[in-house]
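**Student:** Protein chains in written order, with the numbering used here: chain A, 1 to 599; chain B, 1 to 675.
Be careful, since some hints might not be right.
As the list claims (entries may be wrong) - As a list, the in silico DSS-like pairs of lysine-lysine whose alpha-carbon atoms are at most 30 Å apart: (1) B:K206 <-> A:K450; (2) A:K546 <-> B:K497; (3) B:K206 <-> A:K546; (4) A:K450 <-> B:K24; (5) B:K504 <-> A:K450; (6) A:K546 <-> B:K504.
Don't read these hints as lab results, they were simulated from the structure.
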Amino acid sequence: MTANGWFQIAFFLLLILAVTKPMGVFMARVFNREKTFMDPALRPIERLLYRVTGVDENHEMRWTEYAVAMLLFSAVSMLVLYLMQRAQAFLPFNPQKLAGVAPALAFNTAASFTTNTNWQNYSGETTMSYFTQMAGLAYHNFVSAAVGIAVAIVFIRGLAWREVETIGNFWVDLVRSCLWVLLPFCIVGALALVSQGVVQNLKPYDTVKLIEPQQVQKADANGKPVVRPDGKPVMDKVTARTIAQGPVASQEIIKEWGTNGGGFFNANSAHPFENPTPLSNLIELFCIFAISAGLTYTLGRMTGSPRHGWAVWAAMAILFFVGVSVTYWAEARGNPLLPGGVDQRVSAAQSGGNMEGKEIRFGIANTALWATVTTDASCGAINGWHDSFTPLGGMVPLVNIMLSEVIFGGVGAGMYGVLIYIVLAVFIAGLMVGRTPEYLGKKIEAYDVKMAMLVVLVFPLVILGFSAISAVKGFGTSSILNPGPHGLSEILYSFTSQAGNNGSAFAGLNTNTLWYNTAGGITMLVGRFLMILPMLAIAGSLARKKYVPASRGTFPVTTPLFTALLIGVILIVGALTFFPALSLGPILEHLLMAAGKTF
Amino acid sequence: MATKKTAVWEWKIVKRAVWDAFLKLNPRKMMGNPVMFVVEVGSVITTALLFRGGAAFKFNLQITLWLWFTVLFANFAEAMAEGRGKAQADTLRKARSETLANRLLDSGQIEKIPSSKLRAGDLVLVSACEFIPSDGEIVEGVASVDESAITGESAPVIREAGGDRSAVTGGTRVLSDQIKVKITSNPGESFLDRMIALVEGAERQKTPNEIALNILLAGLTIIFLLAVITLQPFAIYSGSPQTVFVLVSLLVCLIPTTIGGLLSAIGIAGMDRLIQHNVLAMSGRAVEAAGDVNTLLLDKTGTITLGNRQASRFITAPGITEAELADAAQLSSLADETPEGRSIVVLAKEKYGLRGRELSSHEAQFVPFSAQTRMSGVNLDGFEIRKGAVDAIQKYVSLNGRGFAEQVQEHVDQIARSGGTPLVVAERGRGVLGVIELKDVVKGGMRERFDQLRAIGIRTVMITGDNPLTAAAIAREAGVDDFLAQATPRDKMDLIKREQAGGKLVAMTGDGTNDAPALAQADVGVAMNTGTQAAKEAGNMVDLDSNPTKLIEVVKIGKQLLMTRGALTTFSISNDVAKYFAIIPAMFAGTFPVLNALNIMRLQTSQSAVLSAVIFNALIIIALIPLALRGVKYRPMPAAELLRRNLLIYGVGGIIVPFLGIKLIDMLITRIGLA
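Using the sequences and the hints given, assemble the complete structure.
**Tutor:** Quick look at the structure:
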């Protein structure tokens, strides 16, 4: 660990602190339909959209109508993406003449992008045409993020609005998310990334001759090395290399700004065309947290308690900082099993520590930071291989997702996720002040608790359920590339990432199989929509309630004590659910590594 | 107040509770409590497997037994909570014992019929030493009644026809005189019947917060069920499959059995605490609402003030000494039996050492107060002293050719402004002597209580028929937050509705028929037992002692009930951390010795670790029964401080305690060779 590393982490957190209020105020104004400086440009477009689609922007929806609209919209978008992938060979912008995507993979990818997961069982550059990337995947990057933001806003409205049956209009929230919150920032951001060297073109791939021909192991279709009968690997001599191209910058920016995470290329943000410089790295990191951090302020502002927003922000920031510290420490310490002659120390010439699977231009600090940020938020973009992290360093991303990605979290998803934890925290501890628990003046009653528990149940159900099946059935274990506890970590990570709509992969697990494509697709859909539905139900129920004015007898949600309580509840609920599984995965692996055994 | 402090572990109750604990094993009864139902199912499964034999019989047997104990302990806790109510119900049943009633027939004749045959509308005659056969209203006569069967208060109370003290309760006894009572309840619906049902908890329905908490606990149980069920495949993957005994043990330790086992006991005990304060809540919902109350409406008279105006100060007219005034005031009041009159005598004695004098030796003639003269006084050996309202005395002195000094008028105005009542004293020969200030006397300690209420965020509003000036002065002195002066029942109703529209919960007390609508509208309406039937039916609580100040206790008990639930839930969930550290390494250290690093308690063996966790989990239920029954300690303080305190005790404490407990049990059972 270096001072420079810590400085970069602190600088990043400061940037997030700085953007929270302006972003939060801006979003509150957008969704309260107050005036913003972008109105002159965007209002005409918005009105045109409503006129063309026949949306009545003054129509208010009950939560059920809102939910139906959201589900229909997502279902249709998902179907379109599925068909687009299947038919891409016949569609334009396909200079590489890529074939249609296979059904199971197309289903998995459609589910993945509709749910803001961006789990990728494919390599972008060899599977998706430019058309699919732009019209299919990038479109979903925008609208799935917009849906998440809309749901978060609805939940906040449930708290802020009093004695009303309706919670807003889905189409208006969707359009305003896209037009105001996503598009303008992405245009500016994409240009900033281009300035750093991110490509943006529709050219066919380049082929270049290598200056130094390379010997590489030959791999079969599944990525497994081909070996001769005597056990020696088959080697290929490579003299030329294809360099993939494409409209990357436009997709790269929304990938982070909308916490989608699906890379244009297989290597994601480790690829030099996606994330060429430390500055582009910082811009992308900043984009991942910006909206989610802002939403904490939106929460405070719309409910009339800005200090509550900051209390939530503080809980998130503390959990973030702990996570990044552990990862940074674990990775910077290096691999204790490497022989003494291997120099893992920090020096002017190298980053030191465990550099396996990390990019030299990012080093330990920025890779640890990225791994923490991308899993705190449900982004899932990566700039290093989580699979190659040390067991503890790799456990942090896993735990972050297991905590339901509420440490800032995905755009919208992090906010409504943390609101569920707050409801539970307020309910359990709120009783201890001798009153029916209230949250920001709304009583938390049986119906709300029931819905909150449904949300909480979804996670262990799909993660533990599918992981357990995968751990004992042949179709699950045959995909494991590394034996022992590491293999278990890989399975756990895969379902956790998909259920949490994160999309980052631990790798080391061949998930492009019928079982993992299907189970994963279901996991993502369940992890998204079965969580959103009860969430909307709570919002509807809260909006109907009377407001109970705060008094000295009211549970305080603006204090450091509340922040500590929230952190405690997040950690305890998460830990209690997943501790047994973790203890047989990364914890066991760490202890075994300390004892000299690796996988 | 007939509050008896009973010990938690009373042998008679314990004996019955032990037996009831077994009866409650009936699965149909257990289904109402999802957490404990899961434990019972687990116990049945392990019992069945036990008989299939296999290795580690001694360990498996112990696990199975402790699982059953866990269920039984929870049942026992509930039975203990019900026990006290049941004992009380038995006493009440005796009071309900069959009596013969003298029913008045239309013809005017008297017919003897069993009290259980009486119906609403019947007229009965009750004479001295007879039991009142059923609830009713006195239509004729006045009697002193012994209500100790219901209130536990041995001093008899007066009941009379008309007004707000006309209601009588079946099972109470007339001590003197004869009354004619119109029966108001049908068989099986009388107050006593309802009371028996209430204290027995027979009609107990889960309260809103309890339902919500039950859902939370059921949800947690499902989560842990998932965590444990899926652990087996992971264990198989890792090459160390577990026995059902160990898996069930882990499950039972993780699911919130502590709160699950004590939840209904807490609810019953909360109601019971109210009953011990002689308050009957018609529903548990009302008790919970009491904890949520934001606004307390308190009647001034009897609640905030002692109920009567009392002399507080003598203010002399020019040229008169205080002693002279006091002397005259005392003389005029010696025979005055009104509370005001007596208070003047008392003040004179306290302040000027004037002792009561025997007037019989003199030619004393007492002039009582009348509505016409609005004065009272005494004619004594030629003197003539009068005291009375300002205008009355003004007239009196001017008739005698004396003036009304300006200073006196100033004093009078000043007293009126400060909320007191001026009483002017005059002597025929000397004119005005001075003014006695009569003041409402605020009960001792009220200001502190209102401060406490304010600290916990409850606003107090004083309701009075006084004019705004007087009301404001008393409100200031008593320290209430607000007042409603010249209040009519309608005003009271409007105030309640206004508060409720603002999202607040309102509590009030009342006794008169005209209070009934407001009592029904309020979230917590405590009717006085001395009140009318209409008031008692409109409220959702009845205070058997008819003490309006008790509303404050009721709020406290409501809060305590909620706090106890929250505290034990927090404790229960925090406990799981230690249990994980006990059981997980025990499960897998056989296959992966490195996992012993997680065995931070250094428990002896895998078996002793699992067993210790299960034993701790069962024993903690028994250990917490007293807390569940008594409720957590409640001190009035702002929510923020309360939260900090309780989080520290039950949250942080809940994490630490099981580490110590499990370690101790582990040391013990390995020492005596159980594992």
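**Student:** Are the Cα positions of K546 of chain A and K497 of chain B separated by 30 Å at most?
**Tutor:** 14 Å, holds
**Student:** Is the straight-line distance between the alpha-carbon of K450 of chain A and that of K24 of chain B 30 Å or less?
**Tutor:** Holds, at about 27 Å.
**Student:** Measure nothing beyond the straight line between the CA atoms of K546 of chain A and K504 of chain B; if it is 30 Å or shorter, mark the hint as holding.
**Tutor:** Distance ~9 Å between K546 of chain A and K504 of chain B Cα, so the pair holds.
**Student:** Would the hint linking K504 of chain B and K450 of chain A be met if the CA-CA limit is 30 Å?
**Tutor:** This hinted pair holds, its Cα atoms lying about 25 Å apart.
**Student:** Does K206 of chain B pair with K546 of chain A here, judged by a C-alpha cut-off of 30 Å?
**Tutor:** 23 Å, holds
**Student:** When you check the alpha-carbon spacing of K206 of chain B and K450 of chain A, does it fall within 30 Å?
**Tutor:** Since the Cα atoms of K206 of chain B and K450 of chain A sit roughly 16 Å apart, the hinted pair holds (cutoff 30 Å).
Violated hints: none; the structure is consistent with every hint.
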